[in-house]
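Per the working numbering, the sequence shown starts with residue 1, numbered consecutively.
No wet-lab data here; the hints were simulated from the structure. Just so we're clear, the structure is a prediction, and the values are computed from it rather than from any experiment. Fair warning: there could be bad hints in the mix.
[Unchecked claim] Distance windows between CB atoms, simulated:
{"id": "1", "residue 1": "Gly151", "residue 2": "Gly175", "range": "18 to 28 Å"}
{"id": "2", "residue 1": "Arg41", "residue 2": "Asp72", "range": "18 to 28 Å"}
{"id": "3", "residue 1": "Val80", "residue 2": "Glu130", "range": "34 to 44 Å"}
{"id": "4", "residue 1": "Asp404", "residue 2": "Ser181", "range": "38 to 48 Å"}
{"id": "5", "residue 1": "Trp73", "residue 2": "Trp335", "range": "47 to 57 Å"}
{"id": "6", "residue 1": "Pro451", "residue 2": "Trp73", "range": "22 to 32 Å"}
{"id": "7", "residue 1": "Leu431", "residue 2": "Asn371", "range": "23 to 33 Å"}
{"id": "8", "residue 1": "Pro138", "residue 2": "Pro451", "range": "53 to 63 Å"}
{"id": "9", "residue 1": "Gln184", "residue 2": "Ala115", "range": "28 to 38 Å"}
{"id": "10", "residue 1": "Leu368", "residue 2": "Ser181", "range": "57 to 67 Å"}
{"id": "11", "residue 1": "Ser126", "residue 2": "Pro446", "range": "49 to 59 Å"}
Each residue gets a CB set at the ideal place from its N, CA and C atoms; glycine is no exception.
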Amino acid sequence: MQPHHRSLWSSFLVFILCWWVLTCGQPASAADSDDLIFVPRQAQSVLKLNQRPSSDPLRFFWERFWTSQLADWGWSWSEVSTWVGEGVTVAQFPCSEVCPSPRQLWILPLKRPDAATAFLETYWQSHPFEAQVYQNIPLQVGKDLVTARLGDRLLLAADVETMIASLGSAVTGDGNLAGLSFYQAARPQLDTQPTALYYVNLQSLSREDRELAPTYDRLLLAVKAQNNELHLETLLHRTSDPTLAADPLDLEFLRAQEPLPTVVVAGSHLPEGYSQLTEALADYRFGRTPQGDEIASQLLRDLTAEIPLDVTRQIFPLASDRFSLALWRQGDEQWQWWWQTRNTPEAATVLQQLDDLARANGYAVNRLVLNKEPVTAWVKLILDPQTSEGLVSDVAAAYEQRGDRLILASSLSVLSPSQHKNVSWLPENLLRQRQGIRGLVYARWPQLFAPLSQRWPLLQYLNGISAGWLERLQSMTLVNYGVRDRLQHLELILSSKKD
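Make the full structure from the sequences, and use the hints.
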C-alpha cells in the first residue's frame, strides 16, 4: 500500500472512531480547547474523545486504534485504566519524508498523576531512553516513544521532533490549533459539550495532481448522541467567498404525500463546485463500483433508462433557484421519481427540448387534465408485460406547470402530491428550528440497506463489526445551513430504532 493511501486510511479510521463514538452515552464536561494548545497547527487531523467508548459497536475500532497502540508501547489497558481520565486526544502529522503512517501525538488526561508517574518510572527502568529537557520540562526519549508530563496531562509522541513541536506550541502560546482563526470562529458555532470533536486539514489529504475538496481546506466536526439520534455537525472553511447567496428553503416545497419517500434531495440551488467535487470523487476508488462504473452516473442511468435524458445538462440547470427531488421504490423494485423546481421563463425552452426528445424515442406528447390541472405525459402503447396480450399505456414521464412551480414525475400517479403539508419524514428538530436550511438530503435507510449491501459488501462488513448498528438505522438526513463568513455549516442526523 502506498504511503498516501496509508495516510488516507489512517485518517479514515480516526473519522470512523469519531462517528461510532456517538453510541457511548452522555458526553463529558471537559473543555475540548484545553488540550488543543498542545497540538501544532501543522496537524493533519485531530480527534478528541470526551469519553471512553464502551458500547459494542466501538469495540472493533477501540481495539484497532487504542488498544493496539498500547500494545505497541508494551502497555495494556488494565495497567493504565486506573490513572487515565476522560478526554483522550490523538493528533496525526504528515511525515517530512516517506513513512509507513502519519506521526502521532497522544494527550492523556490524568485522574491520578502520581500513579501515572510511578507507572512511567517503572516502564523506563526496563527500556533504554535518553533524558532531555525542553523549556524546563523533562523528556524521556526512547526508540519509538517519547514521554513528557505537564501537570495533569501526559504527552506521548512517536519522535522527539513531534514532542518538541507540541511543547513549543503550548509553552509559547504561538502556533497551536486552539489559536487557529478557523478553530476560534468555528468552535463556538458547534455543541458546547460534544461526545467527540474531530479536526482535519483537507489539503493534507489531497493528491499532488488532484484536490479532494477543491472548495474547502479545513473541517471541524462535533459528534453528539441525543436519545436515538446521532448528530454530526460540521463546519468547513471555504477557500473563497461563495458566488451564490441562497435564500432559506421553504419546507412546504418538499413532497409530503404517501408513500413516504426513500430518498429526497432538495435545496435553494445546486451546490457551487458540484461538478468539481463529482470529478474529484470519480478519481478516487470509493467513487466507483467494484465493476469500475462511476456511482453517480450509474444511478442516473437507472433513473433515465426509458428516455436517454441528460440529467446534468437538461434537468440540473432548472435547479438554479429552489428544487426538490423525491425517489421511492415500489413493490416491483422499480424507482419512481418526482422533481419540482421553480417555473422560470427558461423552463419553456427546456420543456420543448424534452418533448422533442420523447418524440424521438417513440413517445407521443399528450396534453391531459389531472386534478383540474393541465399536464403533459409522454405515452406510447406497448404489449401488456403481465400477459403479453393486449396493449397498455407506457408513461415514460409527465410534467405540469402549476403557478410558480414546475413538476416532473416518472408517472401520472405520482405527479400531483396531496394537499396536506405535514412533512412527517423529517426529524422533528428540523421542523421546529428557526435556523434557515439551504438544502438537505434525506434517506430511509431500511429500504436502501439491502440493495446497497448487495452491491457493496463493505456495508455488510461494517454492519457486522458494529453489532448490527447499520442495519438498525431508520433514516439519514444531511442538512446544509449555508455559508457565513466562509464557514459552510452542515449537519448529519442518523436516526436508529429505539431500544
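So, going through the hints one by one against the coordinates:
For Gly151 and Gly175, the hinted distance range of 18 to 28 Å is satisfied, since their beta carbons lie about 21 Å from each other. Taking the beta carbon of each, Arg41 and Asp72 are about 26 Å apart, inside 18 to 28 Å as hinted. At about 23 Å, the CB distance of Val80 to Glu130 disagrees with the hint of 34 to 44 Å. For the pair Asp404 and Ser181, the beta carbons lie near 42 Å from each other, so the given range of 38 to 48 Å is met.
Distance hint check: the CB atoms of Trp73 and Trp335 are about 52 Å apart, consistent with the given range 47 to 57 Å. Hint check: Pro451 to Trp73, Cβ distance near 44 Å, so the stated range 22 to 32 Å is violated. Taken as a hint, the range 23 to 33 Å holds for the pair Leu431 and Asn371, whose Cβ atoms sit roughly 27 Å apart. A beta carbon spacing of about 59 Å between Pro138 and Pro451 agrees with the range 53 to 63 Å that was offered as a hint.
Taking the beta carbon of each, Gln184 and Ala115 are about 35 Å apart, inside 28 to 38 Å as hinted. One distance hint, 57 to 67 Å for the beta-carbon pair Leu368 and Ser181, holds here, with the actual separation near 59 Å. Distance hint check for Ser126 and Pro446: the Cβ-Cβ separation is about 54 Å, which falls inside the suggested range of 49 to 59 Å.
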